[in-house]
Amino acid sequence: MVTAEVIAAAGMVAARRLQRRDSTLSSAAEDMLVDSPLTLTTALELEPADAVLPATDRSRPIPAQLLQDLRSDPLLGLADVRLVQHLQTTGAGLPERSQAGSSYQGLNRQVAQHAAAEPVPAARLTWLTMRLELPGSPRRAWADRAAGPMLARGGGLEGARRTLDKAARTASAQLAVAGYRTTTLTEADYQPGFRTGLADAAATTEPEGLVTAPGGVLVGIDPAHRPVVLGLFRRRGLSAAVIGGRYLAEILALRGAAVGARVIVETARPDEWDPVLLHSGLDPARLVVQPAARPTAPAAWPKPTAATPLLVLRDCGARPPYAAVPRGAWTAVVTVLPYLDPRSAGYLKDADLVGLQRMSREEAAMVRHLLGLSDKETTAVADLPAPMALWRSRDRTTRYCELAATHWEETLIGRPTR
2 MVTAEVIAAA
12 GMVAARRLQR
22 RDSTLSSAAE
32 DMLVDSPLTL
42 TTALELEPAD
52 AVLPATDRSR
62 PIPAQLLQDL
72 RSDPLLGLAD
82 VRLVQHLQTT
92 GAGLPERSQA
102 GSSYQGLNRQ
112 VAQHAAAEPV
122 PAARLTWLTM
132 RLELPGSPRR
142 AWADRAAGPM
152 LARGGGLEGA
162 RRTLDKAART
172 ASAQLAVAGY
182 RTTTLTEADY
192 QPGFRTGLAD
202 AAATTEPEGL
212 VTAPGGVLVG
222 IDPAHRPVVL
232 GLFRRRGLSA
242 AVIGGRYLAE
252 ILALRGAAVG
262 ARVIVETARP
272 DEWDPVLLHS
282 GLDPARLVVQ
292 PAARPTAPAA
302 WPKPTAATPL
312 LVLRDCGARP
322 PYAAVPRGAW
332 TAVVTVLPYL
342 DPRSAGYLKD
352 ADLVGLQRMS
362 REEAAMVRHL
372 LGLSDKETTA
382 VADLPAPMAL
392 WRSRDRTTRY
402 CELAATHWEE
412 TLIGRPTR
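Adding 1 to a residue's 1-based position in the sequence shown gives its number in my numbering.
Rather than coming from a laboratory, the hints here were simulated on the basis of the structure.
There could be a bad hint or two in this list.
[To be verified] As a list, the in silico DMTMM-like pairs of lysine to aspartate or glutamate whose alpha-carbon atoms are at most 25 Å apart:
#1 K350 with D376
#2 K350 with D384
#3 K377 with D396
#4 K377 with D223
#5 K377 with D353
#6 K350 with E363
#7 K350 with E364
#8 K304 with D284
#9 K167 with D342
#10 K167 with D284
#11 K377 with D342
#12 K377 with D351
#13 K304 with D396
#14 K377 with E364
#15 K350 with D145
[What the hints assert, rightly or not] The following label-pair restraints were derived from C-beta to C-beta distances:
#16 A142 with A325: 54 to 60 Å
#17 A300 with A65: 45 to 51 Å
#18 K304 with H370: 37 to 43 Å
#19 S73 with A383: 42 to 48 Å
Ideal Cβ placement from N, Cα and C applies to all residues, glycine included.
Produce the complete structure using the sequences and hints provided.
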């Protein structure tokens, strides 16, 4: 395995320095990671279009011919095209004997075994990297191959930038057809000395068999006993709304912490959060409860990352007060509404993800109008059992979910209620 420190050069991402660990990469992969100031590399972060609420537990395939087409295109002259994946299997930074972590991992293993699948990782980032060799590179053949495409686009560093930009657009178009969104990683994403913070990294030259599901929070199981995963933590940030009880909010807090998130609970009823605050084993470095309208990340908390994201739970009643809520990359803001007040409908309309527990038929009719629910879904949401929820993403993916509380969760916060 390898981990890479990446810095930006002239608006591109230039690989400069590597720290080697147990290397299981092929010699071709090692060649791609050679330290050279005469190399420019651009990186695209790949995200399945349904990453917020995957429709199934199966990974979308990356087009098998994509990498080969990019490598062989004479109008690009790329020296190397490669997929790099960073993985965090369990929550980062949790105490070794964290009950929240061990309870969650037990549930994760149990669900995976029943579904004949791998446990859901806390986070998985997949990047497509493309490299150009610049004039003067010791890899003269590759530098000569890139000279024509660079010259056709103005020559010099600007020509190299434009060539990599063209390669990124070409790859993004093909990946969009396959159901992926892409983000070009920039200087803002990588400062000198930056690391992804995720535990493992590996590179491959072939996409066949590569699992690209981004991971997330295992919130429960569907009627077919398949895992229901919420992709709460993304580079673009996420806003979610839940119409449900405090129990579901507590489950999200505990399981969010279990995958490595720091959790801020903004609430008008702090006393009711005491069991979670006092007996979950999560210290103030992981969980804080704050008054309504004043949610702020403690000064000692680091900036959210893929490995240690931020979850803000707003448990402030049916009409949450205005607050300058922390937002940004790797931050999820979840607003919990006990019932649907028409004046709070905007939370649902603006959300990337909505969770619905049992509600009145009048509320279900309003939700149908806001979210475009089908007749069947509208009827079902009014009759959901207490342990069930319906999740719906902005792209209208819908999953029914049983919360599947663990023994430890039931001991701490009781049996599921609505």
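Hint check for A65 and A300 - Cβ pair distance inside 45 to 51 Å: 49 Å, holds
Given hint D384 paired with K350 - CA-CA distance at most 25 Å: 23 Å, holds
S73 paired with A383, Cβ distance criterion 42 to 48 Å: About 56 Å separates the Cβ atoms of S73 and A383, which means 42 to 48 Å is violated.
Range agreement (Cβ of H370 with Cβ of K304, hint 37 to 43 Å): 39 Å, holds
Given pair status - D351, K377, alpha carbons within 25 Å: 23 Å, holds
Given hint E364 paired with K377 - CA-CA distance at most 25 Å: 15 Å, holds
Pair hint K167 and D342, alpha-carbon separation not exceeding 25 Å: 48 Å, violated
Given hint D376 paired with K350 - CA-CA distance at most 25 Å: Holds, at about 19 Å.
K377 paired with D353 [C-alpha distance capped at 25 Å]: 22 Å, holds
Pair hint outcome, K377 versus D342 [Cα-Cα no greater than 25 Å]: 23 Å, holds
Given hint D284 paired with K167 - CA-CA distance at most 25 Å: This hinted pair is violated, its Cα atoms lying about 48 Å apart.
Restraint status (C-alpha distance of K350 to E364 at most 25 Å): Answer holds: K350 to E364 is near 14 Å, not above 25 Å.
Checked against the numbered hints above, the structure breaks hints 9, 10, 13, 15 and 19 and satisfies the rest.
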